[in-house]
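Residue numbers (this note's numbering), protein chains in the order written: chain A, 1 to 252; chain B, 1 to 327; chain C, 1 to 276.
Among the hints, a few may not be true.
[To be verified] Quick list of the computed label-pair ranges, beta carbon to beta carbon: (1) C:Leu-96 - B:Met-119: 27 to 33 Å; (2) A:Glu-55 - C:Ala-138: 47 to 53 Å; (3) A:Asp-42 - C:Ala-138: 42 to 48 Å; (4) B:Asp-115 - C:Asn-271: 56 to 62 Å; (5) C:Leu-14 - A:Ala-11: 46 to 52 Å.
[As the list claims (entries may be wrong)] Straight-line Cα separation of at most 20 Å, DMTMM-like style, residue types lysine to aspartate or glutamate; simulated pairs: (6) B:Lys-102 - B:Glu-132; (7) A:Lys-84 - B:Asp-201; (8) B:Lys-72 - A:Glu-158; (9) B:Lys-125 - A:Glu-247; (10) A:Lys-84 - A:Glu-173; (11) A:Lys-2 - C:Glu-170; (12) B:Lys-102 - A:Glu-158; (13) B:Lys-176 - B:Asp-192; (14) C:Lys-94 - A:Glu-247; (15) B:Lys-72 - A:Glu-167; (16) B:Lys-72 - A:Glu-247; (17) B:Lys-102 - A:Glu-157; (18) B:Lys-169 - B:Glu-126; (19) B:Lys-112 - B:Glu-137; (20) B:Lys-107 - B:Asp-118; (21) B:Lys-107 - B:Glu-132; (22) A:Lys-251 - C:Glu-170; (23) B:Lys-169 - A:Glu-247; (24) B:Lys-176 - B:Asp-115; (25) B:Lys-169 - B:Asp-152; (26) B:Lys-176 - B:Asp-118; (27) B:Lys-102 - B:Glu-54; (28) A:Lys-84 - B:Glu-54; (29) A:Lys-84 - A:Glu-167; (30) A:Lys-2 - C:Asp-55; (31) B:Lys-102 - A:Glu-247; (32) B:Lys-112 - B:Asp-127; (33) A:Lys-2 - C:Asp-122.
[As the list claims (entries may be wrong)] Computed from the model, here is a short list of chain A residues facing chain C with C-beta under 10 Å: (34) Ala-135; (35) Phe-171; (36) Gly-223; (37) Gly-237; (38) Leu-239.
Hints in this document: simulated from the structure, not taken from any laboratory.
Predicted model only: the values in this text are computed from it and were never measured.
Backbone N, C-alpha and C fix where the C-beta goes; we use that ideal spot for every residue, glycine too.
What follows is the residue order along each chain.
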Amino acid sequence: MKRGLALYAAAAYLFLHIPLLVLAVFSFNSSRFTVWQGFSLDWYRAAFHDPQLAEAAWNSILIAIAATLFSTVIGTLCAYGIWKRDAKVLSGSLYLSLVTPEIVMGISLLVFFQWIFRFLRVQLGMHTVILAHVAFSLSYVVIVVMARLRTFDATLEEAALDLGATEWQAFREITLPALAPGIAAAALLAFTTSFDDYVITSMVAGVDSETLPMVIYAMARRGANPVVNSISTMIAGGLGALILFSERLRKS
Amino acid sequence: MGPVLELRNVSKHYPTHPAVTGISLAVNRGEFYSLLGPSGCGKTTTLRLVAGFEEATEGDILLNGRRINDLKPYQRNVSTVFQNYALFPHLTVRGNIEFGLKRQQTKDIARKVSDAMDMVQLNGKEDRFPGELSGGERQRVALARSLVLRPDVLLLDEPLSALDPILRKQVRAELKSLQRRVGTTFLFVTHDQEEALSLSDQIAVMNGGRLEQVGTPQEIYLRPASRFVAGFLGAMNWIDGIGIRPEATRISRSAPNGDARCVPGTVQHAMFLGNCLHVETILHNGDRVVAEVSRLDGSFESGENVHLWWNPADELLLPRVLPHEVQ
Amino acid sequence: MTQLRRLFLAPASLTMGVLFLAPLAIIFVYSWLSRGVYGGVAAKATLENYQRLFDPLYAVILLRTFAMAAVATLGCLILGFPLALFISRAGARKNLYLQLVILPFWTSFLVRTYAWMFLLRDTGLINSALQSAGLIRAPLPLLYNNGAVFLGLVYGYLPFVVLPLYATLERLDKNLLEAAADLGAKPWTTLTRVVVPLCAPGFRAAALLVFIPCLGAYLTPDLLGGSKTVMVGNVIQNQFTTARDWPFGSAVSLLLMAVVMVLLLLLIRRNGEELI
């Protein structure tokens, strides 16, 4: 049975990785057709020279950084608070947001923003995307930081209080350093989910806030532009590296 | 110049169970005071009430005559040595010992730290991290970290239980001499009666959340106030309602003369324990009696008929706890 | 501590309240209103939106969504379980094999879905390879059908199911396996009579972990499916863009949410333990 299992596993891994690998290989194809005709960096050059892509990439990075900052800070404090004593409604809504389908989150936020816009003179734009990203990445951050907290020895905080530190000082000087790798891992996770998001972003983005996934989606829809292969490879590679790094941090 | 720490009718009741009820005790300055009892008797809860990690449901806790019930742990001049030492892993030994001093913003931190390290004999290890130290060394850092703040009372929560048995005896002696040198009042929690007897000036025996008896080691051992205290502090024989310690029980083949009290019995078996012999006998009425005898007093065979006798002055007459009195 | 704790929880409570619960509350309200003249809503209460859910057109879509999600989940479980088994027996290399599964999942869902477009299109890799080899003359219609969506969903969520399956297997007491072998059970018997029954709660949770996102899938049927493979997610998106029928879209969304919550409650009831 062991032999059979190993063979099966090999096949399964091939299934999981071949599509991406094939994509990566053909991103270097000199021809625009799916027949290999030689190695070329043309599609990468095209990607870097496309102004629309550049702007979208810039937007994606800005949004991801802003959303990550907010959700990491808010999420870390939240995880700590819940770890001290559970807050049922807050925990419940965090879990609910995890299982809510993205499309439902997206349209509900669209509806919400448009309703708010009746009272404020604002439109959909970068800010609405950032807010939306914070909303959906918050629960990821809380989960990762909470997992880290569960390995933290609570008597260390008691010792700090015993030695004269206030609750805030104990958190800042004893707990936070111990949580640091978990917080970093959570931040990386928030960044990658934000960067890659299409569904929610497409619902709440404005005219001036096109993101990279939105551009890729449009290109994929339209068909034969091979530049999408090179961008896809770069994104997959980049995000993959970040996640590997995040996993290493999480376990340190 | 009253007691440095006083508990007046202190209780801590959780919604599900009462942890401690009606504890009243007084600890004098410079004393080594132990809370002794089995697991779950409430001794650690009592310690945590003094430290400020739990709030008393009832009663008063007084430090130097001042009521501290409403003060947070960082506002009380007491310090705790935790069972697992709770050393900050990301700080060096120096960083750990400095921690409390930095909160107080005292001057001369470096000197105080090196004095504290002298006190516990840890010099040279200032820049090591807790993970690099042995169990005994970590305990000394924990002690130094707390003592450097000159607390009115040092609270110790079973500090020796994390050490292996050989180290434990050695550290025990060091702890006693440290306390004498420094003069700080120690409130020490343990379930090990040998530890309590050898270290303490006063012992408070606890059971089921209540105080059973307070006294010096001699008083507690030789004149226990209840069967529980008698049985917890050492082995006991109960013969017709009279209690006799095995080491006070004598055994011989012929009947003794004089005013010794005597009963006949049959030897079950004799266990050689190295420094003494434990002879287990069974009496006519079925009671089991253990006599602890020096191996120089001879040996006894299974099935032998013997006489067990003792000095009436060694008797402990303690009432059995009636069923309705059990907590 | 309570003061500090309240301060710490406040931003998260605000965020969840304003950016998650409030929007859900609003679409709940909208689902009872009528469609506005220029899109949006009109302040006229109606049951129409919910009634439309029973329209054969939408009933078919709902059923198809359910069926597709069920089949995809089954596919994931069947394909994922042996893989999880393999990893749990891998000894020292466990972590490496686990990473090899997790890694593709977190790269980019969009890119991974597009990769199948690249493979399955008429001008895609599979077709051009088959044509070059002379095995077919005209391209096979591999894309824009149920099969492609099924493939995309399984590919998308397979890693997502391997992790909890693996975690469940790991939590199993190895002594039980040894005891079974000791009592004469062959490996297959041990698997079916000991491992599977004991791991059942974990498997149920893993199944739901995949089933729910499949129910709400949007991107996969949108890119890989055609007009005949429309799922609930596509319907919802459509109402808020082209069709401009917000009240109806809200009703469909709430139906989806209701189904998800019921499934979760059933799982919690059945398993009697925490999910996360």
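(Q) For a quick check of understanding: which of the numbered hints are violated here, in increasing order? (A) 1, 2, 3, 6, 7, 9, 16, 18, 21, 23, 25, 27, 30, 31, 33
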